[in-house]
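J.: Each chain is listed here by its residues.
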Amino acid sequence: MAVLTYIEAIRQAMWEEMKRDEHVFILGEDVGRYGGAFKATQSLYQEFGPDRVIDTPISESAIVGAAIGAALMGMRPVAEMQFADFISCAFDQIVNFAAKSYYRWGAKVPLVIRAPSGGGVHGGPFHSQNPEGWFFHVPGLKVVAPSTPRDAKGLLKAAIRDDNPVIYFEHKLLYRRIKEEVDEGDYIVPLGRADIKREGKDLTVLTYGAMLHASIEAAQKVADEGIDAQVVDLRTLLPLDWEIIQECVKKTNRVLIVHEDTKTGGIGAELAATIADQTFEFLDAPIRRVASLDTPVPYSPPLEEYFLPNPKKIAAAMRDLARY
Amino acid sequence: MAVLTYIEAIRQAMWEEMKRDEHVFILGEDVGRYGGAFKATQSLYQEFGPDRVIDTPISESAIVGAAIGAALMGMRPVAEMQFADFISCAFDQIVNFAAKSYYRWGAKVPLVIRAPSGGGVHGGPFHSQNPEGWFFHVPGLKVVAPSTPRDAKGLLKAAIRDDNPVIYFEHKLLYRRIKEEVDEGDYIVPLGRADIKREGKDLTVLTYGAMLHASIEAAQKVADEGIDAQVVDLRTLLPLDWEIIQECVKKTNRVLIVHEDTKTGGIGAELAATIADQTFEFLDAPIRRVASLDTPVPYSPPLEEYFLPNPKKIAAAMRDLARY
Amino acid sequence: MSLDRKKMLDMYYHLRLTRALEDRVRILYRQGKIPGGVYLSTGQEAISVGLTHALEPEDVIAISYRDLGALLTRGMAPASVFAQYLGKITSPTRGKDGSLHIGDLKLGIICPVSILADNIPVAAGIALAMKLMGKKNISVALFGEGASNRGDFHEGLNLASVKKLPVLYVCINNQFAYSTPLSTTMAIKDVATRAAGYNIPGQVLDGNDIFAVHSAVAEAAKRARQGEGPTLLECKTMRMTGHSEHDNANYIPKNLLEQWKKKDPILIMEKHLTEAKVLTKRLKEEITSRIAKGIEEGIKAAEEAPLPKGEEAEKDVYAPSS
Amino acid sequence: MSLDRKKMLDMYYHLRLTRALEDRVRILYRQGKIPGGVYLSTGQEAISVGLTHALEPEDVIAISYRDLGALLTRGMAPASVFAQYLGKITSPTRGKDGSLHIGDLKLGIICPVSILADNIPVAAGIALAMKLMGKKNISVALFGEGASNRGDFHEGLNLASVKKLPVLYVCINNQFAYSTPLSTTMAIKDVATRAAGYNIPGQVLDGNDIFAVHSAVAEAAKRARQGEGPTLLECKTMRMTGHSEHDNANYIPKNLLEQWKKKDPILIMEKHLTEAKVLTKRLKEEITSRIAKGIEEGIKAAEEAPLPKGEEAEKDVYAPSS
Ligand SMILES: Cc1ncc(C[n+]2csc(CCOP(=O)(O)OP(=O)(O)O)c2C)c(N)n1
Ligand SMILES: Cc1ncc(C[n+]2csc(CCOP(=O)(O)OP(=O)(O)O)c2C)c(N)n1
Ligand SMILES: [Mg+2]
Ligand SMILES: [Mg+2]
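Residue numbers (the numbering used here), protein chains in the order written: chain A, 1 to 324; chain B, 325 to 648; chain C, 649 to 970; chain D, 971 to 1292.
The following block holds chain A by itself, in its conformation from the complex (with noise of 0.2 Å):
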């Protein structure tokens, strides 16, 4: 076991199974002999050439386009966006053509787009989007969003064995400030399993990406004044793991919802109403939801502060939740 950091992991998944499998390949912008603008494919142009490698013109469009339909002839392509934020130039081919193709036709379109998302780095407004609300309402689509070195590794790994097509957001203030021993050998994480990342028996945080570090940051802060969060990584958003979620709120009985997209409309959203639907007899309080505010994201650093949710405003969440 070595030490990673969350895009090494990301890196190694992709060698890893390009090594497995001939079918696996890479396209996107910059992403050959440069490595990709976060150098998520760094060295791998080298080992595997620039057939398996392809940089792309401009085209998000295309790119996906084309992955579907290399996808559709058994190909895997790993197809990357430069910024997630970048995404809603392939919106159309992702949400008509690849969500809907195995239903419609029964055609398998086993595809994984990798996008880097996610604020905290004053990127401003088209450099720090959190895409993943709107991927969550199209069905068809698979929906990742690892938040350690550990489960970014085996959640790509599973994606791209997955034969459907998958988003999978990678948290880009993540990429060198977390790392983690990481298993070199062959393993996966399963889709559409959450995680326990910190067990409590007060209430439950539901988050993922990276609000499970500002939440376990939170959940360590609260618990000196004798507060015990449980912490739960969703990792996959969709389909979201009901099973644990709901024992979850059955041991905890109070929910907080964490996550760093903004909130109107929101995965927090779905959370919240299907809990409270499910599981409305076993909650003591109302579930609650800290996110993003409902704007662009501002660039200058006290704005983007205010705007983001951090250790700070999960903890006060969590007072308020615990003293209901």
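Don't read these hints as lab results, they were simulated from the structure.
Computed from a prediction, not measured in an experiment: that's the story for all the values here.
One or more of the hints may lead you astray.
Okay, the calculated beta carbon distance ranges per label pair [as the list claims (entries may be wrong)]:
#	chain 1	residue 1	chain 2	residue 2	range
1	C	P829	B	G509	38 to 48 Å
2	B	V445	C	E906	27 to 37 Å
3	C	K963	B	G373	29 to 39 Å
Using 30 Å as the maximum straight-line C-alpha spacing, the simulated DSS-like pairs for lysine-lysine come out as follows [as the list claims (entries may be wrong)]:
#	chain 1	residue 1	chain 2	residue 2
4	C	K812	C	K783
5	A	K19	C	K783
6	C	K957	B	K636
7	D	K1159	B	K432
8	C	K754	C	K929
9	B	K343	D	K1134
10	A	K157	C	K957
11	D	K1159	C	K812
Negatives, chain D to chain B, calculated, CB over 12 Å [as the list claims (entries may be wrong)]:
#	residue
12	S1084
13	I1096
14	V1132
Built from N, CA and C at the ideal position, the CB exists for glycine as well.
Please arrange chains B, C and D with the ligands on chain A, whose structure you already have, making use of the hints.
T.: Coordinates of chains B, C and D with the ligands only, in the frame set by chain A:
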């Protein structure tokens, strides 16, 4: 007052606004001499000429992009998507350029995008979608979905006069099926205000678009059984009218949400989540949602019927809720 | 032309079958039996038939929504097509989709989506896969002149050309995009002109002459197979019907239609085959009745097949992972 | 060339100011004072400066993210630009956006979005508005050769050309799109070739020669104003820096940069102005110090300005309706 169909009311709104303000113009595919795929713009070309009713090439992104450009110059474009399904091709221009403009640099984008949405006409996966859920999750947009001719006219006029980008979903099933007396005069229905379309005391249905009619029908069904349902037409989906919504929750203590858009991640999730959060103590039962299946819209009539909500399914949910 | 007798008669058969099947669909529609929309290819059938006959069986075609000829040439049964329109469980989409949204990977046909031009980058990806898998096959995308105005046309042709992918882009220029004549949607006369922007050959041809289509496609396919990259072929033709069957198309000048009627692809082919003594009166009658029989059997099978059960709607949103 | 002395000196001033301001931004970045990304136009400044000088004040420019020259020529204060980078409340976006995402309707500059080529259809719409409002003004969109591969390029040029809109499309071909050389992203050598697909003039010019830019733009603008429709101008230049300031651009061959260094637009202009006896040594010194002074004042004002308060983030998502 004349009796107008829903589509006639839409046409009248455009006609009147074009008469009132020479900055208003129309662009889209086949909207000119042909009057549009659904004939919503019929006779406008003949009245206002080719400069103000513009046939465009098949290029939704350019339609919206050009509309944004014209709007920035102070024009008030009304862009038509031939079917709401194709709005996915203009997604990027809408969410990145139009929606964020005012926030970023204070430049107004008074743009209306009309989009015929909805199923029930055996249009299949690409001529039946309800894309409002995606846009509901975009700060900076307004989203409107009228259910009656009177509202259709007044809301479209308000949308055209609004200084923000507005997506106006018109439900194609209602075009010629729904008619009522409509003021010929110049009135608007303000954006952001819901309307109680049926008073009742036992439970509140929150709905919009074609489902308003299905919900009213369901309310009539269960009325005989002694269940008195209040039916609220949300009319504007973004921003929602929380004031009326909360009043109704407090009055009836039971809430049913009905929409034709697919369930997971739909607008109903936000409604349920926010209501449960803010009026937790007023709820006597879990908030229930009736919505379409989480699948693409299937073509064959039995499949589509199974997919869509209808008065029977709504009535069943009403009974369940009233009994809870 | 180096086509043998059998091949020519096969082509003729598929051309006639396409026309006859669509004529029957039109009747079904008028009888109110088809729940959804009907978009026909009357007058332009030579393109998808001629094209498909010029390809290898394992070449893949990303059709558009009027390309019944490609489906039938590849062996899709009339019963399946009727079942699709009728929304029956026996349809290739099991009732999930309608109109010509039919595909079958075994037949090398990609099921179209309604969104015009989406198949253009998709075909590039299919060609890319061919190349990566070391196959000598190619892909083809079919689309209208109207669709060539969408961004995906540009992105797809650009990607295909810079990567020299084995793909043919076949534009069916039938003069109209719904109600809109070409002149109001682009400043050029020939879509083929756009090839210059990608440094690939662009060629205009008579889409109503099935042999012209066949030889141009064969030629371009050869180039593609040899690694010389994509070609943009523009087949001129005319949409002889409404955009869909509910559109009376009164925006098309009558005399334009009359002109084109004289150039009907079946007429042209029959003239040629008769002159070449390939088609005799007897043979023609035989083919006519074989087609009629096939169609009536197809209709019968489709009409007798059950509609799907409602619960089917819930199934198959996701592929089970292998 | 029919430019008068004053005009030439103005152009020279803006060219030098652009270079100097960006040099200063580079320092700020290296000092760690800029929270976000920095994308500079070093070596290609002549294009946006020359272009803006060739337009009427009420023509509207939809800039891209390296077009500081257009902003400065239109009168944007250096202090505002610095404030933007620093995220200060005095920035044109009040801290809401960073880098060169600066616009001002009063100056006729549209604030760019990051999404490449989005400004191309938007500029068509601006031109459409000019036409509808009966103004004699035009719009311009600036974009890189890399951006010309996006679908919106095609849709925008197609719409503009078929409607004969008064818009100029100015492609800044600086050889690279981030790390990717032109040859790996398109099969053509000149983006101007793409004009053929829209039946509009396409012209290649030396983007490092400010007078060449000025006269080509003036000419094309005249045509546009006369109702003759759009032009695609391709300005050849070289990106002399990394894609952004954190990119060392070691993928660009050193000798390529050295070659281009000799063609530096400031050098070229100075040579010309000196030969034409417009620029004297003294004048040059004066200009240099005027620029230095303006920049230091700008920096000072920007550094002293406060950051926005957090609560500002919540404001102005919607325009109040009038
Ligand atoms: C992106 C998109 N926009 C609009 C439509 C609606 N629509 C369907 S067919 C059609 C006209 C297509 O014209 P063309 O591409 O020339 O094909 P043809 O119908 O002539 O075969 C339109 C506008 C669509 N299907 N997709
Ligand atoms: C749609 C989109 N895809 C990707 C990017 C990321 N990106 C920013 S600049 C750039 C390269 C742009 O190249 P070019 O258009 O030639 O402009 P230049 O940087 O050379 O000025 C890329 C890929 C983006 N901003 N927008
Ligand atoms: Mg056509
Ligand atoms: Mg460039």
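J.: All hints are to be evaluated individually against the structure, with a verdict given for each.
T.: Quick rundown of the hints versus the structure:
Against the hinted window of 38 to 48 Å, the Cβ-Cβ separation of P829(C) and G509(B) comes to about 39 Å, which satisfies the hint. Between V445(B) and E906(C) the beta carbon distance is about 34 Å. The supplied range of 27 to 37 Å therefore holds. As the Cβ distance of K963(C) to G373(B) is approximately 52 Å, the hint placing it in 29 to 39 Å is violated. A distance of roughly 15 Å separates the Cα atoms of K812(C) and K783(C); the hinted pair therefore holds under the 30 Å criterion.
In summary, the hint linking K19(A) to K783(C) is supported, as the alpha carbons are separated by about 21 Å, within the 30 Å threshold. The suggested pairing of K957(C) with K636(B) holds, with an alpha-carbon distance near 18 Å, which does not exceed 30 Å. Proposed proximity of K1159(D) and K432(B) is contradicted: the alpha carbons are some 39 Å apart, above 30 Å. Between K754(C) and K929(C), the direct Cα distance comes to roughly 36 Å. Violation of the 30 Å bound is thereby established for this hinted pair.
Restraint check for K343(B) and K1134(D): the C-alpha separation of about 26 Å stays at or below 30 Å, so the hint holds. Proposed proximity of K157(A) and K957(C) is contradicted: the alpha carbons are some 37 Å apart, above 30 Å. A hinted pair counts as satisfied when its Cα atoms are at most 30 Å apart, and K1159(D) with K812(C) qualifies at roughly 15 Å. For S1084(D), the requirement that its beta carbon stay farther than 12 Å from each beta carbon of chain B is not met, with the minimum near 8 Å.
Distance check on I1096(D): its Cβ comes as close as 4 Å (rounded) to a Cβ of chain B, failing to clear the 12 Å threshold; non-interface status is violated. At roughly 6 Å, the least C-beta separation between V1132(D) and chain B is not larger than 12 Å, which violates its mark as non-interface.
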